[in-house]
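Number of protein chains: 2
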Amino acid sequence: MKRHVDDELKKLKDKLFKMGLLVEEALDHAMAALFERDSDKAQAVLKRDQEVNLYEIEIDELGHELIALYQPAAVDLRLITMTLKITNDLERMGDQAVNIAEKVIIINQEPPLKSFQEEFRKMADVASQMVRDSLNAFMEKDHEKAKVILEEDDVMDGINDQVYENIQKMLGEHPENIRVGLSLIMISHNLERVADLATNIAEDVIYLKRGIDVRHHIRERRENKI
Amino acid sequence: MKRHVDDELKKLKDKLFKMGLLVEEALDHAMAALFERDSDKAQAVLKRDQEVNLYEIEIDELGHELIALYQPAAVDLRLITMTLKITNDLERMGDQAVNIAEKVIIINQEPPLKSFQEEFRKMADVASQMVRDSLNAFMEKDHEKAKVILEEDDVMDGINDQVYENIQKMLGEHPENIRVGLSLIMISHNLERVADLATNIAEDVIYLKRGIDVRHHIRERRENKI
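Chains A and B, in that order, are what the protein sequence lines are. Each residue of the first sequence is one higher than the last, beginning at 143 in the working numbering. Each residue of the second sequence is one higher than the last, beginning at 143 in the working numbering.
Keep in mind that a hint or two might mislead.
Since the list can't tell identical chains apart, any single copy or any two copies may satisfy a pair.
Said to hold, decoys possible - With a Cα cut of at most 20 Å, we get these calculated SDA-like pairs of lysine to any residue: (1) K287 / E260; (2) K351 / A210; (3) K351 / E207; (4) K287 / D267; (5) K160 / F258; (6) K160 / H206; (7) K152 / D275; (8) K227 / E345; (9) K351 / L196; (10) K311 / G300; (11) K227 / E203.
These aren't lab readings, by the way, just hints derived from the structure by calculation. For clarity, every value in this text was computed on a predicted model and none was experimentally measured.
With the hints as constraints, model all of the structure from the sequences given.
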C-alpha cells in the first residue's frame with residue numbers, strides 16, 4: 143500500500159523542482175543580459191526574485207507541516223530537513239542572480255569589453271549545469287551524480303581564479319576599465335558562489351547515502367582532536 | 143515538571159552558542175591579521191576552520207535525534223529546524239573568515255596601504271556585533287533585538303558600498319595597487335556577506351514570533367500574484 147506521506151513528499155519535491163527551474167532561469171537570464179547587453183532583461187531578473195523567495199516560504203511551511211503531521215523517522219525526516227536546507231540554498235542562488243543582474247546594468251552603461259566573453263560563457267554554462275545536476279542528484283538520491291558535481295566545482299574554481307588573475311592584470315594596464323573590470327570580477331565571484339551552493343547540495347546527497355558511518359567517523363575524530 | 147526534551151533543547155542551544163563563539167573568534171582573528179599585518183594569525187584561522195565544520199555536523203545530528211525521539215510539535219519543532227539552519231549560516235560565516243584570511247595573506251605580501259583602515263575597523267566591529275546579536279536574539283527569542291540587526295545590516299551595506307566606490311576610485315588613479323585593492327574589495331564583500339547571514343538569522347527570529355499571520359499574508363499574495 144502506498145503511504146499518504148509519500149504523496150505529500152512528492153508534492154514537496156515537485157515544489158522544490160519548480161523553485162529550482164525558476165532559479166536556473168534567473169541565472170540564465172542574468173547572464174544573457176550580459177552577453178546581449180540587454181539591461182531590460184537584467185531588470186526583469188530583479189523583479190522576479192520575489193517569486194523565488196515565496197517558494198522558499200511555501201516549501202518551508204509544507205515541510206514543517208509534514209514533520210508535525212506524520213512524525214517521519216530516519217530517512218523521510220532527513221529528506222524533509224534536507225529539502226528545507228536546499229530551498230535555502232536555492233534562495234541564495236536566486237540572490238546571486240540578482241547580484242549579477244545589478245552588475246550587468248552597470249556594465250551595459252560602459253563601452254563593451256569583449257575580451258572575457260568566452261570564460262564567462264563557460265562559467266555560466268557550468269553554473270547552470272551544476273544547479274540542474276545537484277537537484278537531480280537529490281531527487282534521485284544518486285550519490286554518483288552528486289560526486290560529479292564536486293568535480294564540476296573544481297572546474298569552476300579554476301576558471302574563477304583565472305578570470306580574477308586576468309582582469310587584475312588587465313586593470314593594472316588599463317585602469318580606465320575599472321568600473322567594468324570590478325563588475326566582471328564580482329559576477330565571476332557570484333557564479334562561483336552558485337557553484338558552491340550546488341556543491342553543498344551534492345555533499346548533502348553524499349552524506350545522506352553514507353549516513354551513520356561517516357558521522358561516527360567524524361565524531362571519533364572530534365573526540366580525539368578537540 | 144520540567145520536560146526531558148527541554149534539557150535536550152538546552153544542550154542543542156549550548157552547542158550552537160559555542161559554535162557562534164568560534165565563528166566570532168575566527169572573524170576577529172582574520173581581521174586582526176589584517177590590521178596587525180600578521181600572516182601567522184591568518185594561517186591559524188585557516189587551520190581552525192575544520193572545528194567549525196565539525197560543530198555543524200554534531201548539531202545537525204543532535205537536532206535530527208531530537209526530532210525523531212521526541213516528535214516535538216509546533217514551536218519546539220521550529221526551534222530545532224531553525225537551529226539546523228543557523229548552524230548552516232554559522233558555517234558559512236566561518237567560510238567568510240577563511241576567505242578573509244586568504245586575502246590578508248596576499249595583502250601582507252605587498253607594501254602597506256593605510257587609507258582604508260578606519261572603514262575596515264568599523265565593518266569588522268559591526269560584523270562581529272551582528273553575529274553576537276543575532277545569536278542572542280535567537281537564544282532569547284527576542285524579536286525586538288532581531289529588528290535592531292536589520293538596521294545594523296543597512297549600516298553595513300552603506301559602508302560596503304562606500305568602500306567599493308572609494309577603492310574603485312583609488313585604483314583608477316593608482317593601478318599599481320591593484321592586488322591590494324582587489325583583495326580589500328573582496329574582504330569588504332566577505333564582511334557584508336557575514337552581515338547578510340546574521341540578518342537571515344534575525345529574519346527567522348522575527349518570523350518565528352509573528353508566525354502564522356505573516357505566512358497567511360504571504361500565501362494570499364502568492365495566490366493573487368503568480
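### Query
Under a CA distance limit of 20 Å, which applies to K311 and G300: within one copy, between copies, both, or neither?
within (17 Å within a copy, 29 Å between copies)
### Query
For K160 vs H206, is the C-alpha pair at or below 20 Å within one copy, between two copies, both, or neither?
Only inside one copy: K160 and H206 sit 19 Å apart there, 27 Å across copies, limit 20 Å.
### Task
Up to 20 Å between alpha-carbons, please classify K287 paired with E260: within, between, both or neither.
neither (27 Å within a copy, 47 Å between copies)
### Task
With 20 Å as the alpha-carbon cut-off, assign the pair K351 and L196 to within, between, both or neither.
This pair counts as between: shortest inter-copy Cα distance 19 Å, intra-copy 30 Å.
### Message
As a check of your reading, is K227 near E203 (CA-CA no more than 20 Å) within one copy, between copies, both or neither?
### Response
Both. Shortest intra-copy (13 Å) and inter-copy (14 Å) distances satisfy the 20 Å Cα cut-off.
### Task
Check K227 against E345 for me: Cα-Cα at most 20 Å, and say if that holds within a copy, between copies, both or neither.
both (12 Å within a copy, 16 Å between copies)
### Query
Given a CA cutoff of 20 Å, do K351 and E207 count as a within-copy pair, a between-copy pair, both, or neither?
between (25 Å within a copy, 17 Å between copies)
### Message
Checking an output row: K287 and D267, CA cutoff 20 Å. Within, between, both or neither?
### Response
Close inside one copy (17 Å), not across copies (42 Å); limit 20 Å.
### Task
With 20 Å as the alpha-carbon cut-off, assign the pair K160 and F258 to within, between, both or neither.
So K160 and F258 fail the 20 Å test inside a copy (32 Å) and across (44 Å) alike.
### Intra- versus inter-subunit Cα pairing at 20 Å for K351 with A210
Classified as between: cross-chain Cα gap 18 Å, same-chain 24 Å, threshold 20 Å.
### Message
I want to check one pair: K152 and D275. Are their C-alpha atoms no more than 20 Å apart within a copy, between two copies, both, or neither?
### Response
Close inside one copy (19 Å), not across copies (38 Å); limit 20 Å.
Checked against the numbered hints above, the structure violates hints 1 and 5; every other hint is satisfied.
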